[in-house]
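Could you put together the complete structure from these sequences and hints?
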Amino acid sequence: MQYILDYVAAAILGAALLLIILNANDTSAESHSLYNGDALVQEILVQTVFLLEGELRNMGVGVPENQGCILRADTSTIWFLYDIDRNAIPDTVRYYSGSVDEFAPTPNELDRPLYRKVNSEKSLVVGSVTIFRFRYLTRLGQALSTPVVAGQLSEIHSVEITMEVQNPYAMSRSEKQVGAGERNALYSSSIWQQTRLASQNNRR
Amino acid sequence: MAGKAALVLVIGFMILLGYVSRDLSVIAGRAQGNMSTYAAATESHNLAITGANAGLARLYQDTSWRGSRTQELSGAADRSFTYTVSTGANGRPFLRSVSLVRGPFETLGDTVEVEFGAQTLQTFTLFAWMTNFEGNIFWITGDTVWGRVHSNSLMHVNGQPVFMEKVTTAKSFDPKPGVGQNKAIFKNGYETGVAPIKFPDDLSQISAAAASGGRLYAGDVTVELKGGTAASGDGYVEVYSGATKIDSFEINSATFNGALGATGRVSVSGVVDGKISIFSTTNVYVLDDITYENKTTASDDVLGLISEADVTIADSPGNKTNVNIDGSIFCRSGSLKAENYNSGSPRGVFNMFGSIVQDTRGAVGTFSGSTLKTGYYKRYRYDERLSEPSFRPPWYPGFYTTTFAISCWWESVHIPKFN
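The listed protein sequences correspond, in order, to chains A and B.
Residue 1 is where the first sequence starts when you use the working numbering, and the numbers rise one by one after that.
Residue 1 is where the second sequence starts when you use the working numbering, and the numbers rise one by one after that.
Bear in mind the hints are in silico, worked out from the structure with no lab data behind them.
Treat the hints with care, since some could be wrong.
[Said to hold, decoys possible] Listed below are the simulated DMTMM-like cross-link pairs for lysine to aspartate or glutamate, each with C-alpha atoms no more than 20 angstroms apart in a straight line:
(1) K187/B <-> D74/A
(2) K275/B <-> E388/B
(3) K187/B <-> E65/A
(4) K4/B <-> D6/A
(5) K378/B <-> D288/B
(6) K166/B <-> E134/B
(7) K417/B <-> D6/A
(8) K337/B <-> D143/B
(9) K166/B <-> E65/A
(10) K417/B <-> D38/A
(11) K417/B <-> E43/A
[Claimed, not checked] Just some of the chain B residues that point at chain A, by a computed CB distance under 10 angstroms:
(12) F13
(13) L24
(14) T37
(15) K166
(16) P177
(17) G178
(18) G180
(19) Q181
(20) L216
(21) K417
Since we're looking at a predicted model, the values are computed, not measured.
Positions of the beta carbon are idealized from the N, C-alpha and C atoms, including for glycine.
Now the structure itself:
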């Protein structure tokens, strides 16, 4: 009889411990995914921003002084001149965001590609963004309405960039974890705003 | 038996918790590593820019300096920048700044390169408006300038004048743009604190040209410009001393180099067909309209009115109702102004097509609010042909820029690599 009681108690204790272990493993995996997703998203964002900011700072390099360097400026696209390979021939560089349909295969329904196009070469995807927005400011800090009309392109002194990157893959949440207006899926996200990016070549 | 099971259980727990702990510490370590990498990349970039600015400061102290300097950050031997100023293939200075940052995982270096424009002879006609001294005259709402503007002095603004091209000043604006009543619109930007542009010490260059290959008269003269027929290139000049005609010649004559001047007052009027500069070692008077026969962009008609002191719109019968001047005006030590600008009845509009460069800003009228009381309203329009440096009136004064202007600023694009 005593043995039976020992076995039952051991089984109950073992089952409880097993549940604790499984729960701990679950929590660990969730935390790992969450933090890993956050880190990944931040790395992607920073790398994309360094590329974008670096090229915008070089707007006008190799462009004659009496010639404007911004060719077109809109909310989600910018065209500018920059002699990338320093061969005395200015290249036309264009950054623009695509549509969400182009990234339809990813579970995240908000992400879309960020393209970089040089001259007439094929556009290259340089990042994945969920928000990608430009604002154009005059020297006095006044925002120009977009798209900036041709006659006002020369008034652009600085560019404000707002960008958000989200993890294409989500973690599902239970109903009670989802707030009003939120998606069921939890996507790691990171946002960046550069409020005053001015090319030195604009001062000429 | 139970004791062994407990031991197995404890060991199992230790393995599991150890695994979880290791996992979390790896992520924490990666986050910290990313932060360090980002900080090092940003620091490297900013150091390179700092080096470029330090190099610029050194070069602008002495534009003939060439060499290299390395500077370590105070208390941080693993962070430094080196700037080098050399002479480029084009003969102009070339500045390169390179940073060095020893980061946690790698050594980083960024580069900034600065190229400079040539110190070429510029003509004053590049400016639609230029002054040595603005005096206490304000740019106000309704003023619109097409073409570049420069002043060697403080520029006063009260209202919303519109500058269609770049505005530069060796001093600053009063008040600063966007502050107080300065609501000026700069369509092509502005720059303050630029190097002053020096006026020539005298008019000896054009005087010498007039004396050799041009026309130089003693005393006061009156110059009547005649357009000839409607055809281009047959304009001529009649010169009077008092009522006596003392000279007459074709502007495009092979024996005339384009410079006409006098040691006394020169009074001018008429129609210009050709290229000519008229100067006086005292003052120039505009007796009546001076217009180009052909005012299109394809025209080669161009006039310079150059004066040691003032260019004055005479209070003459021809100027009682409006006055039109097509040409480039240069007043070396005086002003462009209207005679008796502050008395009499309003005289209409002063239409200027060309460029105005004067030592001290002069007055052409007085106003009550925006209503003309005496003198003229102003309508100044820049002659876009003058923005091409090679197109200018013959022997028109020029200047050398005293510092090297930055023509190109390039920064390396460094994308951080995360672990």
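Against the structure, the hints:
| no. | hint | verdict |
| --- | --- | --- |
| 1 | K187/B <-> D74/A | holds, 18 angstroms |
| 2 | K275/B <-> E388/B | holds, 15 angstroms |
| 3 | K187/B <-> E65/A | holds, 16 angstroms |
| 4 | K4/B <-> D6/A | holds, 15 angstroms |
| 5 | K378/B <-> D288/B | holds, 16 angstroms |
| 6 | K166/B <-> E134/B | holds, 17 angstroms |
| 7 | K417/B <-> D6/A | violated, 58 angstroms |
| 8 | K337/B <-> D143/B | holds, 17 angstroms |
| 9 | K166/B <-> E65/A | holds, 12 angstroms |
| 10 | K417/B <-> D38/A | holds, 17 angstroms |
| 11 | K417/B <-> E43/A | holds, 9 angstroms |
| 12 | F13 | holds, 8 angstroms |
| 13 | L24 | holds, 7 angstroms |
| 14 | T37 | holds, 9 angstroms |
| 15 | K166 | holds, 9 angstroms |
| 16 | P177 | holds, 6 angstroms |
| 17 | G178 | holds, 4 angstroms |
| 18 | G180 | violated, 13 angstroms |
| 19 | Q181 | violated, 14 angstroms |
| 20 | L216 | violated, 36 angstroms |
| 21 | K417 | holds, 8 angstroms |
Checked against the numbered hints listed earlier, the structure breaks hints 7, 18, 19, 20; every other hint is satisfied.
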